[in-house]
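Visitor: The sequence shown begins at 39 in our numbering and counts up one residue at a time.
For the record, the hints were derived by calculation from the structure and aren't laboratory data.
Incorrect hints may have been included.
Claimed, not checked - Label pairs and their computed distance ranges (CB to CB):
1) Leu55 - Pro78: 18 to 26 Å
2) Val81 - Gly181: 13 to 21 Å
3) Ser157 - Glu84: 41 to 49 Å
Beta carbons are placed, not taken as given, at the ideal position from N, Cα and C, and that holds for glycine.
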Amino acid sequence: MTLHPESRRLLDELEQLALPPIQTQTLEEARKRLVAPEEPLEVVGEIVDEEFDGRGGSVRVRRYHPRHGGAGPLNLLVFFHGGGWVIGSIETHENLCRQLSNACNAVVVSVDYRLAPESPFPAPVEDCVAGLEWAVACRDTWGVDGITGVAGDSAGGETPLRLWR
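With these hints in hand, go ahead and build the complete structure from the sequences.
Guide: Written out as structure tokens, the structure reads:
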């Protein structure tokens with residue numbers, strides 16, 4: 039099977055990192071290794087760190103507003119980071135959320151849900167649901183007048199599917 043050249047380039051870059059397989063690392067090691075990429079950060083209009091009270095305690099979120107008001111309505115996108123429910127954070131997905139905010143002309147709310155094993159299932163999903171409910175309740179105060187969407191990466195991508203059901 040032939041890979042697209044960009045996919046081949048990415049796989050080659052990952053191989054050059056020579057990272058040990060994640061299953062051979064302790065949880066602490068895996069969390070330390072997963073850091074935000076060292077790339078130029080996309081410029082957005084505003085970034086706000088906030089917390090709200092969820093079912094299991096305080097939930098941290100980071101809100102991104104697009105750099106320029108695009109043509110048409112301002113949308114809302116609630117984002118859940120990846121990491122197999124055990125690693126990852128709003129910091130590891132910072133630039134992706136910035137890019138989504140500008141590309142979608144959206145206020146992006148990135149939810150920093152509790153991680154396992156310290157907070158076993160369904161705690162992470164409960165935080166994600168609470169984050170979505172909180173963002174929808176706040177959308178008018180942010181000037182959102184367009185559609186609301188949910189998105190995620192890896193494990194965080196499973197949450198929108200769960201919520202859609």
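Visitor: Now look at each hint and say whether the structure bears it out.
Guide: Verification of the supplied hints:
As the Cβ distance of Leu55 to Pro78 is approximately 20 Å, the hint placing it in 18 to 26 Å holds. Taking 13 to 21 Å as the suggested C-beta distance range, the pair Val81 and Gly181 conforms, at roughly 19 Å. Between Ser157 and Glu84 the Cβ separation comes to about 30 Å, which falls outside the hinted range of 41 to 49 Å.
Consistency note: the structure conflicts with earlier hint 3 alone.
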